[in-house]
Amino acid sequence: MHVVYPAVVAALLFSVGVYGVLARRNAILVLMSVELMLGAVTLNLVAFDIWLRDRLHGGQVLALFVIAIAAAEVGLGLAIALMVFRTRRTIDVDALRALHEDRQDLEERQDREDSEDRGRPR
Amino acid sequence: MTAQEVVFVLLGAVTVGAAVLVVTTRRLVHAALWLVVSFGALAGSFLVLTAEFVAWVQVLIYVGAVVVLLLFGIMLTRAPIGRSDALDSGNRWAALAVAAATAGVLVTVVVRGFKDAYVPLHAGAGTAGELGRSVFRGWVPAFELLSLLLLAALVGAIVLSRTDIANGTAGDPARREGSGG
Chain C
1 MHVVYPAVVA ALLFSVGVYG VLARRNAILV LMSVELMLGA VTLNLVAFDI WLRDRLHGGQ
61 VLALFVIAIA AAEVGLGLAI ALMVFRTRRT IDVDALRALH EDRQDLEERQ DREDSEDRGR
121 PR
Chain P
1 MTAQEVVFVL LGAVTVGAAV LVVTTRRLVH AALWLVVSFG ALAGSFLVLT AEFVAWVQVL
61 IYVGAVVVLL LFGIMLTRAP IGRSDALDSG NRWAALAVAA ATAGVLVTVV VRGFKDAYVP
121 LHAGAGTAGE LGRSVFRGWV PAFELLSLLL LAALVGAIVL SRTDIANGTA GDPARREGSG
181 G
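From first to last, the protein sequence lines stand for chains C and P.
At position 28 of the first sequence the residue is numbered 28 (the numbering used here), and the sequence of numbers has no breaks.
At position 47 of the second sequence the residue is numbered 47 (the numbering used here), and the sequence of numbers has no breaks.
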């Protein structure tokens with residue numbers, strides 16, 4: 001088997017995951033897209049392990065580790081999503097703007113900082 | 001094209017096609033079910049690549065555990081079960097451009113880099129016995145570290161999702177934010 005086939009499938013799967021992470025609004029769908037990207041990584045690891053005939057099977061063992069870490073990640077991600085849902089009643093990632101700074105607030109703060117700078121003796 | 005390559009390309013087409021449906025479908029539950037199809041086909045590609053053990057682990061953990069967990073998440077967050085048009089965010093076209101650029105760059109680089117690489121497949125390179133021997137000979141520290149990580153993730157998930165033990169330390173989030181919540 002040519003190595004190009006698994007590598008191209010993995011690249012396409014990864015790009016689909018990138019699209020999902022950027023375009024989806026529901027946090028759980030974002031998590032699913034991350035899983036797709038991790039699946040692409042696993043496919044690459046397995047294919048290159050078979051190609052290079054590693055005696056320690058580093059690629060396949062690392063693929064198993066990636067699968068285990070993905071399971072841990074999805075557990076924690078869902079716990080965080082449930083916590084966000086409990087406090088905000090939504091897991092829409094576009095609606096979670098608590099870290100967003102309004103333009104008006106920003107201008108007021110800059111004005112204040114400017115006046116403080118002027119008042120400081122040099 | 002050998003028979004193995006034909007089977008692999010078909011499985012790859014199913015994987016990528018189901019993945020596209022996961023990220024474009026308008027029904028949340030269908031996305032989880034298409035994820036099952038995608039990961040099942042991915043496990044089939046692992047079988048074609050003679051990585052049996054990874055394939056069965058993929059089926060057990062992804063199809064068995066992760067998708068069920070995701071379905072639980074969908075149900076618990078009271079997501080719209082039926083058709084819903086609000087699943088895509090406003091920057092869909094930017095996302096499409098970024099994804100197309102990623103795909104273009106990656107596919108070009110990969111095709112140019114591995115044009116001539118060929119691997120003859122022999123059965124038995126990824127059986128449970130082979131992998132078990134290498135995990136418990138060469139990768140013991142990483143394996144133990146991974147079990148610690150899993151334990152930490154388990155404890156973290158329990159702490160995050162229980163409401164009655166967070167009150168003493170961090171304060172009740174609902175009370176702290178006022179009645180707006």
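In short, the hints are calculated from the structure, not lab data.
Please note that the accuracy of each hint is not assured.
So these bits of chain C aren't anywhere near chain P, every CB distance computed over 12 Å [unchecked claim]: (1) Leu22; (2) Glu73; (3) Asp92; (4) Gln104; (5) Arg109; (6) Asp111; (7) Glu113; (8) Glu116; (9) Asp117.
Here's a subset of chain P near chain C, in silico, CB distances under 8 Å, partners left out [as the list claims (entries may be wrong)]: (10) Val20; (11) Val37; (12) Ser38; (13) Leu42; (14) Gly44; (15) Leu69; (16) Thr102; (17) Gly126; (18) Glu130; (19) Val140; (20) Leu148.
Computed spacing ranges between beta-carbons, pair by pair [as the list claims (entries may be wrong)]: (21) C/Arg97 - P/Ile165: 47 to 57 Å; (22) P/Thr2 - C/Met83: 30 to 40 Å; (23) P/Ala152 - C/Leu56: 18 to 28 Å; (24) C/Glu108 - P/Ala142: 20 to 30 Å; (25) P/Ala13 - C/Leu99: 32 to 42 Å; (26) C/Arg89 - P/Arg27: 13 to 23 Å; (27) P/Ile165 - C/Arg89: 15 to 25 Å; (28) P/Pro141 - C/Arg118: 54 to 64 Å; (29) P/Thr163 - C/Asp92: 34 to 44 Å; (30) C/Arg86 - P/Ser147: 28 to 38 Å.
Ideal Cβ placement from N, Cα and C applies to all residues, glycine included.
Structure versus earlier hints - violations, ascending order: Hint check: 1, 2, 3, 11, 14, 19, 20, 21, 22, 24, 29 fail, others pass.
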